[in-house]
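Line order of the protein sequences matches chains S and F. As numbered in my numbering, the first sequence has no gaps in its residue numbers, which increase by one up to the final residue, 313. As numbered in my numbering, the second sequence has no gaps in its residue numbers, which increase by one up to the final residue, 489.
Simulated from the structure, these hints should not be mistaken for lab results. On a predicted model such as this, the values are computed, not experimentally measured, just so you know. Here a beta-carbon is modelled for each residue, glycine too, at the ideal position from N, C-alpha and C. Be careful, since some hints might not be right.
One side of the interface only, derived from the structure: several residues of chain F facing chain S at Cβ under 10 Å [stated by the list, open to error]:
{"no.": "1", "residue": "119"}
{"no.": "2", "residue": "128"}
{"no.": "3", "residue": "144"}
{"no.": "4", "residue": "145"}
{"no.": "5", "residue": "147"}
{"no.": "6", "residue": "317"}
{"no.": "7", "residue": "320"}
{"no.": "8", "residue": "322"}
{"no.": "9", "residue": "462"}
{"no.": "10", "residue": "464"}
{"no.": "11", "residue": "468"}
One letter stands for each residue in the lines below.
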Amino acid sequence: MTTLDRVEPPDTAAISSPVRARRKRLSGKERWERKWGLFFISPWIIGFLAFTLLPVLATLVFAFTDYNPVRPDDMSFVGLKNWNTLLHDAKVWKSLRVTVTYALLAVPASFIFGLFLASLVNSYFLVGQNIFRTLYYSTSMIPVVAAGVIWGGVANTQTGWLNLGLEAIGIKGPDWLNDPTWIYPLLVLIGLWGVGNLMLTLLAGMQGVPNDVYEAAVIDGANGWQRFWRITIPMITPVIFYNLTLMLIGAFKYFDLAYVLKNGTGQPQDATLFYALNFYKNSFEYNLMGYGSALAWVQFVIVLILTLVLFGTARHWVYYAGERRS
Amino acid sequence: MNKKFWLLVALLVIASLVVACGGEPAAQDGANQAEDVAEEPAAEEPVAEEPAAEEPVAEEPEPSADGVREIRWFIGLGAGSNPEEVEREEAFVELFNEAYGDKYRLVMDVVTNETAYDVLKTQFASGDVPDIVGPVGVRGMYSFEGAWLDLAPYIESQEYDLSDFNPALIEFYNLGTQGQIGLPFAVYPSALWYNKDLFDEAGLDYPPHEWGAPYADGDEWTFDKLRELAMYLTVDANGNDATMPEFDPDNIVQFGYHPMWTDIRGAWTFFSPASFVGEDGAAAMPDAWREAASWHYEGMWTDYFIPNSSYVNSDFLAQGNTFGSGNVAMNPNHTWYTCCFEGANWDVAAIPSHNGQITAKLHADTFVIPAAVKDPDLAFEVLSLMLGEFADELVDVYGAFPARISLQEEAVARMQEAYPDADLQVFVDALNYPDNPNHESGMPNFLKATDVYTSFASLYETDPNLDLDAELDKMVIELDKVFKEVEP
């Protein structure tokens, strides 16, 4: 009977209706396999529940308390106080402005630079492609802390190479590290060191574009720019979409470089007080874990909304060839 | 099959829970931690070969079967987590346990300074509090505001003798509503470090070593006189000093003065001991500190004898260790600064006066006991032994200057052996001019308040065009807001 069951022709109705297929009664062997499958991934599931889901849910509870890890026994329920404080906290609004400013500068700059590098190392005319790919990728392997320390020296007004270079061509360089305006270009510039991953994924996307499309375009008289703009870009929009989503989320989580460069002070004049840094200071420096939890949830909601908006726009500009995306 | 499966799942869950929650994790085993920091290879310490009585397992419930109580000593909030210090701490613990091993077993829990704050917070949050924490400075104490035990009742009940301490130092650790949270352990007096080579090169006499004495030319040794010398000692790339009209402030290669590795409270307190907390508890800006702010600001942006933030972080000033770079002539600093530079031909002199008052700011370290400790009597008993009978050995562990008056003379003699050319009597005499209130003393909402004045400091060290008085007033308003956040 079992053997007969297994050689039965596929249930076409089930294939056309995934919901019905899912409800198909499992055989004994399948149930056995499922159980052992669950058993083998149970360490991960337990880990996820204990060390990810539970803490996440705990922060939701903490957000309604005045939890201080130094005095855990004094914790009390404070209702919406943390949320109310958050709305009236000038530092929160300042940190949001800082984060948005940075995102508006860094996301386009990194994307354009990454796209430029990907196109460059994808070029048929480039000699030593692999060497250049490795070189451009290598900077993204440098730990952020090391990059921060190095750039702190490079951007020093008195002895940094950046200003010495500008001085050599007759330009008096700005005080990159201490000017609340110039610190953003510096952060963006340092961020360009990390575009290696972006370059690689875009490169992979570019190499996935079929050659015959380009050949057809050449026959039709399209020049290089037209081929890039009308063929390459539309064909790699799924990769662009993927990277934009990650970059946007990354911009709202931006913390480490600002922390290293300015010792977590948020200076100059709170210009590096990113949302994540403000959250860190409240939670782990001031020990206001309840308030910090509320800040974390607001960050989550903001990032979620932005991601949903991005996904909402995807069907208007992301090209999946013959695939249909729901 | 089902039975077997669920049995295995149950076993896995139980095993996970045991691993996650079982007993004291290795990370909290003080002895192990100490070994980790000291990077001693495990192979050199075969556990099996150690006699059980001498090397008990840290997870043992206290008291152990032999009635010995385990005392966990958390190290890392201040000094103490460097490998060479850990070695000395281990020797100290061995000495202590040899003497009192029948009653207590002191166990170290060493965490590197970078992570110590987070580790201790986690221990507090989980209720796994150490018995003794230290050495710890002021910032460490205030980072755990409200978490420390008031020692006053134990000092009284155990009749702890405080007569060997300067009363001002005992008062230093009396934090109002939190009580007497620490006992004096080590002090680090300050004096004016100067680079003899730079003075010689400029043909200037050294600053006076005697406190209150005039400068070599007979002028009173004041901050105005220091400014005058410092400007001569500030030199640009063309060899012009800061008193010359052709001096180029954009290409300075040597500075006259820098109060390094301190914040504005530390830099300004040399003008007069004061506090941002007014008598009524509101934020205030003491007049002497306003004058100090102006003096330093002009020193950076008008007279150029103090390096601004860009210069301080530049390579030629060793990215902050300015005096150690050999390119700064004078630096008011503490005894602990001997840690951090080599080669400079240095000595120490008296701090100048301001409006007839001399102030030599003081740093101090202490040991504290968490309020949530399981047995506070026992913890205090051990602490009082560490800071009493074993005070000399403990001070030696950290190369510190003892807070106990009776131990100070010997400590100077030891230090003099290490630095035979320096006039260390200057440091001893500096103890007569401590800043009271201390520049690190408490403020309401300490950490946030610190952020406020640090923020101002960043501004005044980077912006040459400030309306200084207006900015100081703004800072006071901000401080006041922060103070009020924690009003009951």
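Quiz prompt | Hints not upheld, ascending by number | solution = 8, 11
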